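Guided by the hints, dock chain D onto chain H, whose structure is given.
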Amino acid sequence: MTRFGLIFYLFMRASMLQKKRAALTIAAIAWGTVAIVLLLAFGEGLKNQLITGRRGMGENIAVIWPGETSKPWKGLPAGRAIRPMVDDVAYLRARLPEADGLIGEITEWGVTLSYGRKSISGRVNGTSCDYGALRNHMPVMGGRFLNPIDDAEKRRVVFLGDKIAKDIFGDEDPVGKTLTINDSPYLVVGVMRHKLQMGAYKGPDDSNVVVPISTFVAQFGRQTLTNVLLHVRQPDDMQRALKRFNEVLGAKYMFDPEDPKVVQVWDTVKTSKVMANVTIGIQIFLGLIGGLTLLIGGIGVANIMYAVVKEKTREIGVQMALGARRAWITGPFVLQGLIYTVLGGAWGMVIAIVVIILLGFLPTGDNMALQLLGKPTLSWQIGLATASILGVIGTLAGYFPARRAAGIDPAETLRYE
Amino acid sequence: MNWPLSRKNGNNHNNGPLILMEGIRKVYDTGKVQVEALAGIDMAVKKGEFLAIVGPSGSGKSTLMNLIGCLDTPTGGTYHIGGEPIAGLDRDRLADVRNRRVGFVFQNFNLLPQITAYENVEMPMLFGAVPVGERRKRTSELLDRVGLANRMDHKPTELSGGQMQRVAIARAMAMNPDIILADEPTGNLDSASGGDIMSLFTELWKAGRTMVVVTHDMALSNRASRIITLHDGRITSDVARSA
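Chains as they are written, first to last, in this note's numbering: chain H, 1 to 417; chain D, 1 to 243.
Bound-form chain H, shown alone (with noise of 0.2 Å):
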């Protein structure tokens, strides 16, 4: 084994590259491995921040409208309007055990909201106490949610997101305070925690204006549900779920379950999927990106080695004179590509790290782009990748050139000119 190490030690002290030129050739490939493992990282944190995004609206729900039949059905003619009224939900929960939760909205536009002197219109939204945590409505602390007493005794609370309680209330803390809805007062009780939304419905929760399903009833005299949202615990019983809806809903309704009119529904599981896949896909075209630009740098190592093949070329020859196998010759340009890219692959891992530590400390504040790509996050994954890479290709960057250095002939090289 002494006599394979002093081998190579030999041939090092006599193939190694100048300082200049190993540390050009280092440079490149670290230059390449922090583009890779920056886009790498800045692609699971898009990734990451797309799914807090999509569960900023609330997981493994599905938001159900009514609408018209489109099927005749036992005697019954098409175009009818099927609309559930507030009762319905409270049938419908107990005769759909695949669903977790069920709850209903109504929502009514363009309704005045005053406090003071301040007067704007907005949405308001009359639904039961677990929509807060269906729809992930997180009371800043100070506050809380809705609760079942508010809904029972008709109590006029509300619940304000962030945005539009700023834009009420300014710098003041809303909690406590009264607002007055179409001129009826109502008690601010929570202001929602600010949150990263990817998906809505009739728009942004920081907007929304929340109230007892009860409370709404009694203010403004509409019995019929907006929409309907459905929650299951697992994604996969999200599919049984809206079938069973369309069965016990057409049965008191008396319309067709496979009629697909009656009811529109955005089923977010079958989206997230999708988008699971668009994320999947973004990080392999950023992966390839950054696995491009490192080829770069390792054509960069080939280059610099075949030069030194070429210069080397009659001590190469020499050494074969004196009984070097071919192993031999190539082993040292192998292990040289080696190291370089294992030293250039460190530096840029260093490098890259720094850098990500660093953004995060940059404030995204409200800045959709900001708070998406702004938060690059490194994962096992992305080291195993980058790692991988990094090996292929400096065992690649040392194996072309090597293969040329043992195809030298040395009659040839040996003459004397």
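A few of these clues could be false.
[To be verified] Label pairs and their in silico Cβ distance ranges:
hint: 1; chain 1: D; residue 1: Ser199; chain 2: H; residue 2: Glu412; range: 31 to 37 Å
hint: 2; chain 1: H; residue 1: Val342; chain 2: D; residue 2: Gly31; range: 39 to 45 Å
hint: 3; chain 1: H; residue 1: Phe4; chain 2: D; residue 2: Ala240; range: 44 to 50 Å
hint: 4; chain 1: H; residue 1: Phe4; chain 2: D; residue 2: Asp144; range: 25 to 31 Å
hint: 5; chain 1: H; residue 1: Lys310; chain 2: D; residue 2: Val132; range: 45 to 51 Å
hint: 6; chain 1: H; residue 1: Lys310; chain 2: D; residue 2: Thr78; range: 31 to 37 Å
hint: 7; chain 1: H; residue 1: Tyr306; chain 2: D; residue 2: Thr30; range: 22 to 28 Å
hint: 8; chain 1: D; residue 1: Thr30; chain 2: H; residue 2: Val392; range: 37 to 43 Å
hint: 9; chain 1: H; residue 1: Glu311; chain 2: D; residue 2: His154; range: 19 to 25 Å
hint: 10; chain 1: D; residue 1: His154; chain 2: H; residue 2: Lys310; range: 38 to 44 Å
hint: 11; chain 1: H; residue 1: Ile353; chain 2: D; residue 2: Lys137; range: 50 to 56 Å
[Stated by the list, open to error] Using 20 Å as the maximum straight-line C-alpha spacing, the simulated EDC-like pairs for lysine to aspartate or glutamate come out as follows:
hint: 12; chain 1: D; residue 1: Lys155; chain 2: H; residue 2: Glu412
hint: 13; chain 1: D; residue 1: Lys47; chain 2: H; residue 2: Glu315
hint: 14; chain 1: H; residue 1: Lys310; chain 2: H; residue 2: Glu153
By construction, these hints were calculated from the structure, which means they are not laboratory data.
Because the structure is a prediction, the values reported are computed rather than measured.
Just so you know, even glycine gets a beta-carbon here, dropped at the ideal spot from N, CA and C.
Showing chain D alone in chain H's frame:
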């Protein structure tokens, strides 16, 4: 595949010639034209001979030298070195044969410039897997033998031409080869250094070494026990001389 330094049964077990060439041809194919560098060489060199190969440039001396040293393979004919056929050996086997049987001395020395004289001499023994103790002992002995015991740690660039060639001879002797094969070994040296090298060659020969020298230098070829003259790829004369 390790070959010990002393190989009593390795070579010349048949007492036949050390170098045996029969009908050796070498044709260089340069695309359009085929150049016949050697046109049928028959030659037998016995152990202990001091052979000088002479001839005008272009006569095929270098080609013959490459073939003897197993740096190249012939286009036709058969070659046995120490009774071992060369035909059909792959590059690694040829490297082993060179390592064990041939010690090269070149006109331009061909020492590796980045490593010391000691390491240059040591290198063939690394390839030949000589155990470390023996390797160190032999490297020092050989450098001492060529009069460079005090220059071991010098790099070739710090040595004179004559000193470099002596390091090269020590290196050629490292694996205790059957043949010392020298290509114009005095060609790049002044007459004094050249004289030293010739004396060293004579010494080695008298100690029983087989020497094959390609040279233009009459002073060197005059020391040989046999002179082969090449002309247009053929042997035109083969003269044995009394020492």
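Status of each hint after checking the structure:
1. D:Ser199 - H:Glu412: 31 to 37 Å: With Cβ atoms ~32 Å apart, the hint holds.
2. H:Val342 - D:Gly31: 39 to 45 Å: For Gly31 of chain D against Val342 of chain H, whose Cβ atoms are near 43 Å apart, the range 39 to 45 Å holds.
3. H:Phe4 - D:Ala240: 44 to 50 Å: Cβ of Phe4 of chain H to Cβ of Ala240 of chain D: about 46 Å, so the range 44 to 50 Å holds.
4. H:Phe4 - D:Asp144: 25 to 31 Å: 28 Å, holds
5. H:Lys310 - D:Val132: 45 to 51 Å: For Lys310 of chain H and Val132 of chain D the Cβ distance comes to about 34 Å; the hint is violated.
6. H:Lys310 - D:Thr78: 31 to 37 Å: 36 Å, holds
7. H:Tyr306 - D:Thr30: 22 to 28 Å: 25 Å, holds
8. D:Thr30 - H:Val392: 37 to 43 Å: 39 Å, holds
9. H:Glu311 - D:His154: 19 to 25 Å: 23 Å, holds
10. D:His154 - H:Lys310: 38 to 44 Å: About 28 Å separates the Cβ atoms of His154 of chain D and Lys310 of chain H, which means 38 to 44 Å is violated.
11. H:Ile353 - D:Lys137: 50 to 56 Å: 52 Å, holds
12. D:Lys155 - H:Glu412: 25 Å, violated
13. D:Lys47 - H:Glu315: 30 Å, violated
14. H:Lys310 - H:Glu153: 90 Å, violated
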